[in-house]
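Peer 1: Here is what each chain is made of, one letter per residue.
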Amino acid sequence: MPQFATTQFGPIEYREDAVVEFPHGLPAFEDQTRFLAIERPGYGPIVFLQSLLRPELCFLTLPVPLVDPAYQLSLAREELAALDLQDADTGVLCLAILSVAENRAVTANLLAPVVVNRANRRAVQAVRPDAVYSHQHVLPGGRGETPCS
Amino acid sequence: MLVIRRRAGESLLIGDDVEIEILELSPAQVKIGIRAPRQVTILRKEVHLTRAQNRTASQGISSQVLTELLDKIGR
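Protein chains in written order, with my numbering: chain A, 43 to 191; chain B, 1462 to 1536.
No lab work stands behind these hints, which were simulated from the structure alone.
All values derive from a computational prediction rather than experimental measurement.
No residue lacks a Cβ here, since even glycine has one placed at the ideal position from N, Cα and C.
Hints are not guaranteed to be accurate.
Claimed, not checked - On the chain B side, residues computed to face chain A include the following (Cβ under 10 Å):
1) A1497
2) V1501
3) R1505
4) L1510
5) Q1514
6) R1516
7) T1517
8) Q1520
9) I1522
10) V1526
11) L1527
12) L1530
13) K1533
14) I1534
To be verified - Label pairs and their computed distance ranges (CB to CB):
15) A/V174 to B/M1462: 15 to 25 Å
16) A/D172 to B/L1486: 10 to 20 Å
17) B/V1479 to A/R57: 48 to 58 Å
18) B/L1463 to A/P111: 51 to 61 Å
19) A/A173 to B/G1494: 19 to 29 Å
Make the full structure from the sequences, and use the hints.
Peer 2: See below:
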């Protein structure tokens, strides 16, 4: 199995058929086309998006439905073509990239979710042209706000 | 914000060397043409925001913030 030395996790082994391919890279990282979606024990539901070209490049992501259960995915024709998909309804993994905003709140980019076709592992960061969702969506909830059940 | 009304075929200038022309209007969209020097970067706003956000996200999140995040999402 191929190996890759990452900054975050040290050396990791991976299967070639687990590689997520971004044909066009990501905005600001257009040359980064190969990633692994890594889930680590104790860190669920976080998904680490580790570049296989730059050892130090590792995005933290959360599944979009966890961030906003009502999220409506919208893909442009060229994004569907890049994913080799007919429609966005089936078989996609949808991840929101996390970052720490200036006020130290952790935010999720819902303006531009990462969409992975589970069948062929092709992916795009689908930047929405509308203003429905924020690029700095503050994560809801927190222990104090969790309703009793 | 400066607001200007223009019809299809009309233009406006930003500075001396950026021209924006209204090419086509439809109920839901406007098609515009931009003439600008090569060194002027032109990006859709949402792409610009995502580029900036990706750069911030690539700086990583400290293990302390990661722990707080896991608490917050109720791991």
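Peer 1: Grab the minimum C-beta distance from B/R1505 to chain A and call the hint holds if it beats 10 Å, violated otherwise.
Peer 2: Holds, because the Cβ-Cβ distance from B/R1505 to chain A comes to roughly 7 Å (cut-off 10 Å).
Peer 1: Given the range 10 to 20 Å, decide if the beta-carbon distance of A/D172 to B/L1486 lies inside it.
Peer 2: At 19 Å between Cβs, range holds.
Peer 1: The hint names B/I1534 as touching chain A; please verify it with the least Cβ-Cβ distance against 10 Å.
Peer 2: 7 Å, holds
Peer 1: Report holds or violated for the interface hint on B/T1517, using the least CB-CB distance to chain A and a cut-off of 10 Å.
Peer 2: 4 Å, holds
Peer 1: Does B/L1510 pass the interface hint, meaning its C-beta sits closer than 10 Å to a C-beta of chain A?
Peer 2: 5 Å, holds
Peer 1: Taking the least C-beta to C-beta distance, is B/K1533 closer than 10 Å to chain A?
Peer 2: For B/K1533, the interface hint holds, since the closest Cβ of chain A sits about 5 Å away, which is under 10 Å.
Peer 1: Is the shortest C-beta separation between B/V1501 and chain A less than 10 Å?
Peer 2: 18 Å, violated
Peer 1: How does the Cβ-Cβ distance of B/V1479 and A/R57 compare with 48 to 58 Å: does it lie in that range?
Peer 2: 50 Å Cβ-Cβ, so the 48 to 58 Å window holds.
Peer 1: Against chain A, run the beta carbon of B/Q1514 and see if the smallest gap drops under 10 Å.
Peer 2: Because about 5 Å separates B/Q1514 from the closest Cβ in chain A, which is inside the 10 Å limit, the hint holds.
Peer 1: Hint check: is the beta carbon of B/V1526 less than 10 Å from a beta carbon of chain A?
Peer 2: 6 Å, holds
Peer 1: For the hint on B/I1522, does the least C-beta distance to chain A fall short of 10 Å?
Peer 2: Cβ of B/I1522 sits 6 Å from chain A, so the hint holds.
Peer 1: Check the following: the C-beta atoms of A/A173 and B/G1494 are separated by a distance inside 19 to 29 Å.
Peer 2: The hint (19 to 29 Å, Cβ to Cβ) holds, given that A/A173 and B/G1494 are roughly 23 Å apart.
Taken one by one, the earlier hints fail for this structure at numbers 1, 2 and 18, listed in ascending order.
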